[in-house]
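S.K.: Listed below are the residues making up each chain.
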Amino acid sequence: MSGTSASSTGGAGTGLRADRVSRTAGGALVLDGVTLAPRPGTLTGLLGPNGSGKSTLLRLLAGVLAPDAGVVTLDGDPLGSVPRRALARRVAVVEQHADTQVDLTVADAVRLGRIPHRRAWSPATAADEEAVRSALARTGLSGLAHRTWRTLSGGERQRVQIARALAQEPRELLLDEPTNHLDIQHQLDLLALVSGLRLTCVVALHDLNLAAMHCDHLVVLREGRVVAAGPVRDVLTERLVADVYGVRATVTRPGPDGRPHVRFLGTARGEAAPAE
Amino acid sequence: MTETGTADRTADETIAGAEGAAGDGAGRKRPARPVRLSARALPPVAGAAGAVLLCVSVALALTLGPADIRVADAWSVVVSRLGGAPSGLSALREGIVWDLRLPRTLLAAVCGAGLAVCGAVMQSLLRNPLADPFVLGVSSGASTGAVVVVVLGAGGGLVSVTGGAFLGAVCSFALVLLLSHTLGGSTDRVVLAGVAAMQLFSALTSFVVMTAADAETTRGVLFWLLGSLSGADWTDAGVCAAVLAGALLVCGGHARTLDAFAFGEDAAATLGVSVARTRLVLLTVTALLTAVLVSSAGAIGFVGLVLPHAVRALAGPGHARLLPLAALAGAVFLVWADTLARTVLDPQEVPVGVVTSLIGVPAFVLVLYRTRSGR
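If you're matching them up, the sequences are chains B and U in order. One gets my numbering by counting positions in the first sequence from 1 and adding 131 to each. Position 368 of the second sequence, counting from 1, maps to 349 under my numbering, and the rest follow consecutively.
Next comes chain U alone, as it looks inside the complex:
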């Protein structure tokens, strides 16, 4: 108690000194006391702890499933595939680790991280706590693209579904940008244009499925629409990871710019932010990242909506901390959600979007409740 009292008095004296010096500028030298940015800020080790948690989660996820594989087995497979000593496991078990579980788990981590970062960026940029990576119509555009490929032909192999989904996502995003620009360009217009595009492309998807698909194709499409990592391979994981890395760099470089949007676009402009350019760059980057993720894993809902809110509550609203922590939290969350999705009804698989939504909807209601009582 005494120590606290002394600290308070020192603070008061410093303030008095600052007030005295206010008139003639910063003339006097005062001992530099750090100003704490946020009372709720997690300690700096939170990032390291998150990274460790992610590694542990990935390692554990590799061991869970119908085939019994231990962490040590998985590790020896990774070592042997990277040029080390042979693992000593059968080719089948080695294949399960290297060709199935590892790319799938890594893709889950990358998707979770990417969706959470997209959500965090969009909620700030659009000043809308309910914005998520799909608000720009990207996921429904991707769905339409994929469905057109699956149902109307064009081969049907996984690569072309991915390609179709990506094209659909880009078309939808372009439409949203064009619409919002024509409608006036303000952030609420972007959100409204996104909602319009979402409706339009959902209708198109339903139309194509209803008119052209048989029951078997419909089931496949449905699984994809709800999000699934079951088709993951190393190409998916690699492409998604590369795009995620690029997007993280761009968004991280804009961390303080995103902070500036707290009091709106005019306030950001008077803080030296070039609003139109920032919005275009960040919306494009997040839309592209979302498009790539959705192309590989389908439309996995609620990660981008809910995770950023949870991390903000723990780490404070500063984006320099929020973005990396949201990425880690999203990665850990989706690794476990996907592990649940493929094990809970074994040998049947639940679309991972179903798992994230079952957890996400109650959390979403909580977010709504909090924004209600906040006003």
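Extracted from the complex, chain B is given alone in its bound form:
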């Protein structure tokens, strides 16, 4: 199964890609033959209801979990054969809800991103300091560098996590529902920040309109399978919203850029929540 190398989407063996990966958890199949090949330099949105396998797929891409079948590759090499530190210099992860009891400052937290670049016993180099400073600047956190973690708001914390990820100087950035628990302004700010990074980003999202506004491509999961993948305007249709989420909706294209906008009308089955 994993030995065959036929690739349908995404083309060349560069970058990070998942090839027909499956993963079980507690006897249930969480991911079932999912292929994901994000285009370099674009923002790919990962959509799907709760429990559809978004987080598991991101964990497989990050190398935190190993697939039961299929393979995740970085530039053609299976993740299992890539040294952890080398992987951490290429792929950075922003978790859904990162928290710590440690009394870190913002600068401390961002500095963690330099760990894969540093050797034991050696002091920080000029390159380390430059990366931290640049990461703080790009996320607009330079003024908060000495604030402590526990005094930060939810939006600031997520920006710190993104700054930490940038300090790793990755080419691929994986984000698991980074806008959860944020108010709408911070959701928009955060995704504008991410889409402006010009990294290869894969971001799991719940909000379809947020995804439509910021993503270049969408991959939609349901019960561990890919049900749709492609450019935003092709994927996000009334039919898809009804099929995947069980919600009636109208999809319009109000803006000049033709990005779709979803207006929800109610659950398709007249129930409170779609069946999982």
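Keep in mind that the hints were calculated from the coordinates and are not lab data. It is possible that some hints are incorrect.
To spell it out: a stretch of chain U is covered by chain B in this simulated footprint if at least three of its residues, at any positions, have a beta carbon under 8 Å from a beta carbon of chain B; those stretches are [stated by the list, open to error]:
| # | region |
| --- | --- |
| 1 | 233 to 239 |
| 2 | 245 to 259 |
| 3 | 290 to 303 |
A virtual CB, placed ideally from N, CA and C, is assigned to each residue, including glycine.
Given chain B's structure and the hints, the job is docking chain U onto it.
M.R.: Below, chain U without anything else, positioned relative to chain B:
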């Protein structure tokens, strides 16, 4: 004020420059400004100051006690024993310095340093502010081992008590590792398995003492359970110092790895840390160090729990600074605690664990209070 304002503006300009260059990478050259890691970081001289404080503490501790000995006397004894000029003191006084106070004070310093480092490492590794060197059940295992030797026979000399304690500690730690692995291997499981082992071995210790020991033996066992440096000799101090040096090297080499655990094990993994291997290596090293220390000095509580928190508050959470400073602070603390223990009720001796706990419990409550208000 003007100077601060200028500095701020320079910083803003640098930021603007960084933002401009963000798109096309680090194309432009900017003056390298150091990014300060932590606003609370002690100056670099803190380590040197700590080392000086430790030397002064050891020197003063040598002079305190029933026999009146001055720093100069102690120094001349050390010089003469290391091959220099004769000290000119009586053999008895020379013996007090060289055979009693010096190994005891050095063992106190080594134990304090080791326990504090173990505590700092475990609190980070297990992501639990209340973790300490004994959380892996090591001390209760050591107690059971020692009690079995003392009460059930096997000679009873100091060396065999130490050996029994070490064996007990290793058995208990192996049980904790096995339990936590079977229970799923996550850090909270390690802590729970440690608590279970602690209860089990405490019960075993009580059982052995209750069923087999006479009053005299019970008192001896109790003294050992509370921690005491009264039996210290050069062998104890040397073995403990050697193991401490090795453990410091290993933990120091993992300083940044420990930093990576701040946001949890998955976050550490995505920062390039091999989580399972790191946890096994560091837990084994800290458990072995604790076992060796407990074998020589008994279960001295609270040093490993409280000292790392105090040092973190002063020096920030970065382990490259925290570990050596915690070692120094623990050493100084235990040297003074032991000096108190052997002088305060002179000629009676208080177990040093009683002294550390009397100071440690209020500090422990403070830690609990701080973690409460932090959430």
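S.K.: Each hint: holds or not?
M.R.: Now for the hints, and whether the structure bears them out:
1. Residues of the region 233 to 239 of chain U with a Cβ under 8 Å from some Cβ of chain B number 6, which satisfies the need for three, so the listed coverage holds.
2. Counting residues of the region 245 to 259 of chain U whose beta carbon lies closer than 8 Å to any beta carbon of chain B gives 9, which meets the minimum of three for the stated coverage.
3. Under a criterion of three residues with beta carbons nearer than 8 Å to beta carbons of chain B, the stated coverage of the region 290 to 303 of chain U is upheld, 5 such residues being counted.
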